[in-house]
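Here's the letter readout for the chains.
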Amino acid sequence: MKTLDAPRRRALKSWSGLQNREDPVLYVGAASCGLAAGAAEVTRAIEEHLAARGFRADIVRVGCIGPCYLEPLVDIQMPGKPRVSYSNVTPEIACALLDAFLERGEVFRRHLVGHLGEDGYGGIPRFFDHPMLARQARVVLRNCGIIDPASIDHYLARDGYEAIESALSRSWTDVLETVKSAGLRGRGGAGFPTWRKWLTCRETESDCRYLICNADEGDPGAFMNRSLLEGDPHAVLEGMLIAGYAIGASHGYVYVRAEYPLAVQRLRTAISQMREIGVLGERILGSDFSFDIRIKEGAGAFVCGEETALIASIEGRRGMPRTRPPFPASEGLWGRPTIINNVETLGSLPSILRNGAEWFSQYGTETSKGTKTFSLVGKVRRTGLIEVPLGTTLRTVIYDIGGGLVKDFKAVQSGGPSGGCLSEEFLDSPVDYENLAAAGSIMGSGGLIVLDANTCIIDTAKYFLNFTQAESCGKCVPCRVGTRHLVGILERISQGKGQLSDLDRLEQLAKAIKGGSLCGLGQTAPNPVLTALKYFRSEFLAHIVDRRCPAAVCRDLVVYRIRKEKCTGCQRCVQVCPTGAITGPRSEPHNLDLEKCIKCRSCYEICRFDAIAGDAIVIESGA
Amino acid sequence: MNPKTIRAKHARSIGIEIDHRGVTCPEGVSVLRAAEMNGVYVPSLCSHKDLSPFGGCRLCMVEIEGMRGYPMACSTIVQEGMKVLTDTVALREMRKEILELILSEHPSSCLVCTEKDECKENQYTIRKAGVSTGCRSCPNDGGCELQNVVERLGVTDIHYPVYYHGYEPGHDDPFFDRDYNICILCGRCVRMCQEVRGAGVLAFTHRGPKTVIGTAFGRSHVEAGCEFCGACVGVCPTGALTDKVSKWDGQPDGLQVSTCPFCALGCQLELKHRNGRLSRAEAHLDPEINDGQLCVRGRFCLPEVTHHHERAKKPVLKRGSYRREVDWSEALDEVAAHLKGLAPDDFLMVVSPDLTNESLFVAQKFVRSILKSNGIDSTARSTFPGGIDLWAKLLSLPISIKEIAHADTIIAVGLDTRFYFSIVGVEVRRALREGARLVTIDSHDSNLARYADLWLRTRPGTEGTVLGLLADSLLGGSAPNAARIAGKTGVDREKLARALDAVAPGGAVAIVVGPSAFAADPEYRLAEALLRLAEREQTSFLPLFHGSNTRGVLELGAFPEILPGPRPAEGKGISLDDLLQGRATPKVLFLIGEAPFFERPSCEYIIAQDIYYPPFEVDAFLPASSFAEAEGTLTNVEGRVQENARIEDLPDGALTGCARPDWLILGMLAERLSRSDLLFESAARVREQIHREVPGFPEEPDRRQRMLAETGIGSPAGRPAPARGDARADGRRLLVVPGGFRHRGIDLCGVVEGLSELSLEEGIRLHPEDLAELGIEGDGPVLLRADGIEIQATARADASCPPGSIIVHRPLACGGIPHRKDLEPLYRASGIREGVLVEPQATPEDSGVAGRGAGGLKAES
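Just so you know, the sequences run in chain order E and B. Residue 877 is where the first sequence ends in the numbering used here, and the numbering goes up by one at each step. Residue 898 is where the second sequence ends in the numbering used here, and the numbering goes up by one at each step.
These are calculated hints, taken from the structure and not from any lab test. Some hints here could point you the wrong way.
Unchecked claim - A few chain B residues that face chain E, going by a derived Cβ cut-off under 7 Å, partial list only:
(1) S112
(2) G245
(3) R709
Said to hold, decoys possible - Here are the simulated lysine to aspartate or glutamate pairs, EDC-like style, with alpha carbons at most 16 Å apart:
(4) K768/E x E130/B
(5) K335/E x E360/E
(6) K409/B x D426/B
(7) K751/E x E793/E
(8) K267/E x D413/E
(9) K765/E x E130/B
Treat the numbers as computed from the prediction; the structure is a model and nothing was measured. Glycine included, C-beta positions come from ideal geometry on N, C-alpha and C.
For reference, chain E alone in the conformation it holds in the complex (with noise of 0.2 Å):
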């Protein structure tokens, strides 16, 4: 058999290169994340300061490294020295980072995070000791943020392909052996162990099998699969070769959806690099295991996640589920056997396959092992990508991970549409499969929307069936008008015309959506208004009883109010008011005509944006 020894030690002695290179090295973390928040004006001004002081600097463009609310994060590696982290960089700031280090040769100190390194670095604290990262165990996204995503170097220096060379070494069943008693379970949502799964489509006689990658990652607020695949794609790709070798497929497919350009560009680099040195295609590293993979971007239908529907819409077809069974395992793409497998269970083989099954399986809880990622988002302090084991308790990742919230927490939603809304008492609850669905929610792909006081419980369940109803492929009959329906009560009560009858309808209902859809999207559309019923009925009743809406956020229940005492008389209100609705002369309290007043909002926000007074105009709700 081949090995990759040649091109490791190529890769091996390029990343030390970078290690310990003369010039400085500059990382910037260009993942969509960092792009979204400047990345790239921040790069444009490294460059040219550069180029206008006569620096000479490499710059590495990274993936996302976790906490995105830093973004854009750059990083500066002075020869020898440790990579130090920066957080929020300007270009202006990026310009004097570049001039204290480049030209005076000191540290500098503003927007420090940490540096990478493993000692102590001139009383500069550890990168990795930051709260938001002290907690994680970083298994799936190791590489995620330290090497650059479009260098099969950095990957194969990071041992990268060890995993696929070990796996062809043994047998198809020794690798799903370690699978197994690594207790990885899929990472998609449903949590059902990936063995047995892969056995049931190694046992089904075909001439050939089929592995695909969901990279369909649709629910809002989730964007963990989009960050592996832009920050590490060869780790997936090398996990689907371990896949494929295991289930004895020959054609590999990543279904990726076509709004992640970057993670498409990405993983087209990656298969070409993997091509280059021989572990894709024919007889991969000389064994008799060939496996080829190629891209289909997905057009943006969210039920394209569920994997029939992903499979009609390789084959050409509209993107609708089927019932199963068949399952794919045993007919799936053309007919032939095919695993379906998520990003991040694919993500997670690599590691496994390297360090075995019994040092993953020492991350997580009894039923459910190793490591999962969050994307940590809503009213949370610190916003990010996360990786924690099985089994952290919602309030570290909340509290200990997320910094907590500003406001009073209020609820947090797991599994996107998918899921429920969880309210404090679990809290204390570690996260797993088996108590996500015993509270009504889901695992899902790992989205984590956290909701404080500020956030109607009812607007949010509104939110997420109104997705799911515009995303039902229309095929069968609950999901496509349940949900409908589902809106238009939720509407209703929302506008303080609901009754008490709406309740027991919204359940009725939600059953019937739930018991008779045909896929997953339909079976679990309804959870986050079963859930909100269950822990947040009071909410309900508020709405519906009292007619009012507890977080002030329901247009027909809220009344704003300018606060006499508070009030400066700067006018800035009166000028951006649309309807005129707010009326006073300068320096003196003004007056709001409830009649006029069309509810924008944007006197609210401009007062406090302003802050001279502090919020002299709020939203309140009920008498």
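Please arrange chain B on chain E, whose structure you already have, making use of the hints.
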């Protein structure tokens, strides 16, 4: 036998339990089917016996021991010992809930209104509304499956607000209307179009609550390649899809199985009638021929042909320059007087290939035994280029429609199945799904080329040569002259080599040849190749032609040179060709269901007996019964003698008219000519007579396939020479193709609104590139010149035309289509004419523009 039928026939019976009752069912069927077979009702709206399970309506949910949740009966396959519950409290609740959801998207007030019974009696006011607002304004009221399910499940109230979609109803495409406001998205039409028809015109579009059935990119059905077969209309459970002609007829009183009178395939129809009148035709589930499928002609054209306002229903005599409606006896007396004492060569009767066997038989008997003439002919002759003897041989081949579906290799020659013979297309695609190979030989870009493994595009008229080469290969010979033939026929050499490889494995071979290929085969090589292949085993043939009883014309001797049997005739009468070419003019011309000319020929006395008045003046017109008004039999291309049912039995009257079956009119005439033995009591009596005189002809309708008996008709000394113009090097090739939409003396395009909208056979057609060469973009006027003929016409761009050729559809019947008269000189010779010159004809206002055209400006700059 195909694997499916084997499976169905030999499926093992297994035992399951439905609602605590032990029952049996065949292995491999769905739970829904098993329940149905055992008389257990499980509601369902999206499942259909011909279509794959869908699982969309969710009404057929059941409980099965050991299975999670509520599996769908339609998509769950029975297993030995399975325990199924179909009617539990939970199921009833769920189904009601789901049905309410369906109804909340459907104008359903009438379904659940408490006053509905009262209303049914009294209120029929808002019919023909543009959109359906409830059952009373729905064309499918009373035939709706949704209504039925609502009754069965006892839903009387909807707890949800009703969302009306507000779609614009679709009336723009011909033949059927679409109102997707009442569509329940069961997907039957989509699956029918994709799975059974293989056309893939319909699809789900958009998603979520905006999901709606439509075509790709919102194109019209015409543009999207719709065959207008109406299969989607047939499976629609609601009134979302309805045929334009009969949508307001209401539910039919009953149905009769009959044979389609529009082509030689002889598809079986279900004629639905209402108040004694033909309302619509739907496909009969006949496993022998059409298996529940039809083409646009059979599905949509029958009611309009028989109920058109121009339909002639009274005998008419010409009185000076007037036409006068008279009663039967007066008309018959006058006609008889003109026939009396006529010399044999002063008479010609022309009979349509759409007449029933009974009428054809009586007609030839009338001519031969009363007028002692052989002067009987038919336009069916134009179907038989190469001569009747050749065709008698072709019809003695093993001809089969159904063998196509079981073939390993299919060769289709000169055949487009979009509008003609589309059930053949369905069979071909069915075979392709089972793994057959398809090679098409065609100078046209046909709809089958899209599915073909190989499309051998020949120069027009050389299809037969290519088929001959493939025949050599199939017969085990080598094909050393492939390269030469590629050069001669214009087929790509490499493709031809690949085609030879493709047919080499052979196996069961089916060869289908369309009528335009026969018409443009100057050297009769097609027929020759087919006859050679007759020696091969496992080979089936399907030569196609339009006249529904063309085979009957041949078998019953309605040509001057043959007698029933067919046997050779002695002596020779005037033929239709003699008249058309001006070689002879009979004194008396008797046209039965034929109008093969636009202008009145110069005969002394012309009698027309038809269902429409011909496009020229005649001296006597005798109104014949249409296919819906007379019984009889038609012989299809396979030799099956199939019944044509009578569903209309109208009393004579001012409005209803007084049409008579053709054989009866001839019998009444014979009686006036002192021969009572031709006046038969019924069609069955005529058949008895045919059975006695024609060997092998069954006494009763008999749907077994028959080969034509050994004829004894010798080949003529030479075949008719093909028409050839002067081969000017810069000229183009004119292809005169037989028009496909004929029935008796009328061209269907003239009387069926949908067909005239499609204008499939109008004008002269050229490939868009050829037109561009002439400087014409899209359609445009041209001047056509070929040895002595000069014609102005509008050239239509038609991408399916062979480049370098001009296509003209020659109407075989001229009734109903006055506007195609302009092209008449072109029709005189069928087949291929070389060296035709085409030049663009600038209209006065165009000529000014041309000088200042974009091209001119470009040249200057």
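Hints violated by the structure (listed by number, smallest first) = 3, 6
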